[in-house]
Each structure stands twice: as C-alpha cells, then as structure tokens.
Amino acid sequence: MADVPDNAPEHCPGTTSEQAGKSSSCEGCPNQKVCASGATKAPDPAIAEIGAKLSTVKHKILVLSGKGGVGKSTFSAHLAHALASDSTKEVALLDVDICGPSIPRIMGLEGEQVHQSGSGWSPVYVDDNLAVMSIGFLLSSPDDAVIWRGPKKNGMIKQFLRDVDWGDLDYLIVDTPPGTSDEHLSIVQYLSATHVDGAVIITTPQEVSLQDVRKEIRFCQKVKLPIIGVVENMSGFVCPSCKNTSQIFPPTTGGAERMCADLNLPLLGKVPLDPRIARSCDEGKSFLNEVPDSPSAEVYQNIVQSIKDYCSNRVTEEQSTT
Amino acid sequence: MAAVGILDVDLCGPSIPRMLSIGRPDVHQCDAGWVPVYADAQKSLALMSIGFLLEDPDEAVVWRGPKKSAMIGQFVSDVAWGELDVLLVDTPPGTSDEHLAVLENLKKHRVDGAILVTTPQAVSTGDVRREITFCKKTGVRVLGIVENMSGFVCPHCSECSNIFSKGGGEDLAKLTGSVFLGSVPLDPLLSSSIEEGKDFMQSFPNSATFSAINSISQALLSSLQND
Chain A
1 MADVPDNAPE HCPGTTSEQA GKSSSCEGCP NQKVCASGAT KAPDPAIAEI GAKLSTVKHK
61 ILVLSGKGGV GKSTFSAHLA HALASDSTKE VALLDVDICG PSIPRIMGLE GEQVHQSGSG
121 WSPVYVDDNL AVMSIGFLLS SPDDAVIWRG PKKNGMIKQF LRDVDWGDLD YLIVDTPPGT
181 SDEHLSIVQY LSATHVDGAV IITTPQEVSL QDVRKEIRFC QKVKLPIIGV VENMSGFVCP
241 SCKNTSQIFP PTTGGAERMC ADLNLPLLGK VPLDPRIARS CDEGKSFLNE VPDSPSAEVY
301 QNIVQSIKDY CSNRVTEEQS TT
Chain B
1 MAAVGILDVD LCGPSIPRML SIGRPDVHQC DAGWVPVYAD AQKSLALMSI GFLLEDPDEA
61 VVWRGPKKSA MIGQFVSDVA WGELDVLLVD TPPGTSDEHL AVLENLKKHR VDGAILVTTP
121 QAVSTGDVRR EITFCKKTGV RVLGIVENMS GFVCPHCSEC SNIFSKGGGE DLAKLTGSVF
181 LGSVPLDPLL SSSIEEGKDF MQSFPNSATF SAINSISQAL LSSLQND
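Chains A and B, in that order, are what the protein sequence lines are. Just so we're aligned, residue 1 is where the first sequence starts under the UniProt record's numbering, counting upward by one. Just so we're aligned, residue 1 is where the second sequence starts under the UniProt record's numbering, counting upward by one.
The reader is advised that the hints may include incorrect statements.
[What the hints assert, rightly or not] Chain A is faced by these chain B residues, among others (derived, beta-carbon under 10 Å):
| no. | residue |
| --- | --- |
| 1 | Ile22 |
| 2 | Asp26 |
| 3 | Asp40 |
| 4 | Gln42 |
| 5 | Lys43 |
| 6 | Ser44 |
| 7 | Pro120 |
| 8 | Leu186 |
| 9 | Ile194 |
Since the hints were derived computationally from the structure, they do not count as laboratory data. Backbone N, C-alpha and C define an ideal beta-carbon position, used for all residues, glycine too.
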C-alpha cells in the first residue's frame, strides 16, 4: 500500500507510521483496519527494490545540516561538478529538498523537464557524465509551491530512488533540506539495503548554526550513518578592496574547529565567503570553473579530494576484509 | 510597553532561546496551560520553544510530520500567553507540516499575515516565491518582504561588498505585488550579539543595522495598525 493511499483522509499519518490506523484522522478511512493490524508496517518492498536498483552505484554521499541557509545546496552542486570534472566518472546529484528545490537553478537547469521511458524517469544531464534529479523539474512554474505533509514527501523520495534510471554511477550525491525529519529518515530508510559511504555535514561558524548541526550529528549517530566530515562555510571574508579579513559570522564558541575537536570528527575545510560564489549559483555556473584561483575554490578542491580519499579507502578496506 | 510573544515552531532547529539568552529553564503548568518563558523581568517578551522541553540541548528531535504537527497544536492551544499585543511565530524553511499545523491551529484566531524573509540571491528568492504561493493558497496576507544579508560594509575601508548578490528582495516584491519592507545589512556585531544573547537594539542604537531593523518594524506596525 502507498504511504498515503489515494483514498486516505487529509491528515493521514502514513501507513507505515506508529499512528497508522490509530490516529483520530483515521476514523472513517477504508484502510483503518488494515493499518491498525500492523500489516502495513511490514518492511516496504521498495527498500529491497531500491537496494537492487542502486547496486550499480559505487559511492553514495549525503549532504546534511541541521541549519538552513548554510550552503548545503551550493556545496552539493560543486561537489558534483568537481567529481564530474574527471570525465571517466559518472556522477549524479539527487535533490530531496521537496519544498525548496534549489539544485536546478544552481546547476543551470531551470525550466528543464523530466522524461519518462520504459526504464523509468530520465534524470536531466548537465554534461554527459553529470545527471541531476529534483522535484523542481516536475513543477510547471517557478511559483508552484509543494505544500505536502511528510507522508507525501516520503513517497516522492521513494520514487526518486526507485524509479529514476540512474544507470551505473561512480557517485550519487544527495542534497537534503535542513532538519532531522521525514526527508532525512526516509532517505536513510530507503537506502538501508544499500551501502551509504557517509554524510558530509555543512555549517557556518556561528553557535546558532553549530547548535543545530550537533543535533544533525546525533541524528547520524542514531541511524548509524557514518560522518565523512564537517565543512565550515562562510568562514571569513577578505575585502576585495583593502584585503583585510572580517569574520562576518563570528565563531563565538570556536566554530566548527572546536566542535570537531570536541566530537572527534574530521574538519574537511573552512570555505571563506566570496561574492562570486553566490553569483555563480544564481547564474547556474560552476564557481570552480568560473573562478578557479579563488581561495574558496582551492579550499573546495581540497575538501573534494578528502571525500574522494575517504570513499576509495572504504573500498580498499572492504576488499581487504573479504 | 508592548507585550510580545514568540512561538518558535522550528522543532528540529530551535534557535530562539539562544538568541534571547534564555538558557534552559523548566516549563511550568498553570490552570490555563503551559506558562511561557519570559525573556525579561517586566514579562514583556514571552517565548515558547521546543528548546525548553529537551533534557539535552544537543538532543535531536527526529520526528516525522504527524508528531511535529501534534506538538505545534499543543504550543498554539495549550500555552497560557495571557494578554499579548503581538504574537510572532518563527517557522523553519519550507511549506510543509509545521506551516500547515500553525495555520490550522490558528484558524479560530485572526492571523494578520506573514513576513517573508529572503537574502538578495536568486537562489533564495526562487524558494521564497513558492512560500508566497503557499500564503496565497492558505489565505495568509503577505505583510511584506524583508531582505537580510543585504551587503557588507568593510569596517576597515567602508567598501560595500554584495556577498550574496544584490536586489533580489525588491525584485521579488515587484514580481509578486508585495510590499518591500526593507533590507538589513550583514553585520558581525548583530551576529555576535545574537550568539551571546545580547540585545543588539540596546547595544548598538547608532548602527546602520539598528536603523534598518527599526524602520522595518515601524513599517510593519503601521501596516498592522491601519487594518
């Protein structure tokens, strides 16, 4: 049964939730008895299907943050560009921010639509070896709002993983919205029959950001998702005129560096602010191509190398234990 | 002095307690419901946030939609706010459970409208357009648009850098027929005041940032009074 069946009432808690069949919204629903019996909470067959479908994806990386506006989508997009700069690698970027899908714009794919074929949905290609999927491609207008509750968002994420014809991939990057809720639980759940290399966690130097990021780290620990490392965005600004550095978002509690030391996590890098990053994203271009000599671009490239090393070390470890 | 309440419905990332330097007091019950936490001795600023209900501040609230909606329902119905001039509701990004739950539970009360916050970038206004559609579809009046992170004036040489692009807030207001309430510059003093729970408005009354926030508040208050 679908997570939110077509004949379900407006506040359906979802057929696999604890409240299935038991919530007040379930009164009068034709599926109430089945849900209450627990039958709908049997493992979703989609999990095994997704496991099979994604068996040809070598590395899966989730990009997370507890906090909004820290640059997750910017980072995900540039990670994808950087990995795909090796033309021998096949890379895909999946955007599961259902309410705020920024990836199409950042990748220069606004207005593109998704096509269906016999083998499922085709992602949209930026380059021969770089594919993207986002709900943005399914919306007909830039004003369309996706006003969906959790269960319906979960259903969409399931479809993205199960029904998109990704093909053989070296890397699948998943960009997420901020938080520790439906999208995050669903992604982890639907990928549970596959191997996920780990999560990259994005923050800014501020305590109000770190406060939420610590929760995200707890989430990862709770669902046993390995953490590849932390990226600190918006880490200082060098004035283009006088070259002095300002800490626009002061690290009042020691920034990501202190948090990583406290939690024994790798700090992958500290990316300084550069107005050309925002401009590139708005124009749908890769900042790494546009301004490769920027200090921010150099930090990005180092971070990407650390991620690549982490992924290939995991493969080496697995090979040596089998 | 106006009595203001803040309801923080960002359950996964509750930032308001830190910003008001409220720490982690216990939340008490009275006959009328939960007593909100007051930021000041005069009780002019009341707050309710899930931040107060967590034993451990680093504890993640890993809840799916229905549980979040139920909590928000309780926050709206069961908090004994008392007499308030204004209730502000701070929301997480998106157009999902939290936003629908707030509106459903406030249905029997009057919702004056929504302030939409953006940064100048197209990547940001691209999402805020969708939030405006959400307001239109749910019958919430758009009181206006505020553009945050609107330029940075270097404290060393006074050069202004448009770190997050320029003009998006005004463009969005024009495009959607909304009021542009104003823009707030990037200001390290604002960031650090907020982190340390200091009242920026008290500490830096001569700053450009103060002036910007003040004029936005005045514009908003007069628009609410003219209703």
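Status of each hint after checking the structure:
Violation of the interface hint for B/Ile22 is found here, the shortest Cβ-Cβ separation to chain A being roughly 13 Å, above the 10 Å cut-off. Here the hint on B/Asp26 is broken, as its CB sits about 20 Å from the closest CB of chain A, past 10 Å. Proximity of B/Asp40 to chain A is violated relative to the hint, the smallest CB-CB distance being about 20 Å (cut-off 10 Å). Of the supplied interface hints, the one on B/Gln42 is violated, with its beta-carbon coming no nearer than about 25 Å to a beta-carbon of chain A, more than 10 Å.
With 10 Å as the threshold, the beta carbon of B/Lys43 stays out of range of chain A, its nearest partner Cβ sitting at about 25 Å, so the hint is violated. Taking 10 Å as the C-beta contact cut-off toward chain A, the hint placing B/Ser44 at the interface is violated, the least distance being around 23 Å. Interface restraint check for B/Pro120: the shortest CB-CB distance to chain A comes to about 8 Å, inside 10 Å, so the restraint holds. Of the supplied interface hints, the one on B/Leu186 holds, with its beta-carbon coming within about 5 Å of a beta-carbon of chain A, less than 10 Å.
A least Cβ separation of about 7 Å between B/Ile194 and chain A falls short of the 10 Å threshold, and the interface hint therefore holds.
Checked against the numbered hints given earlier, the structure breaks hints 1, 2, 3, 4, 5, 6 and satisfies all the rest.
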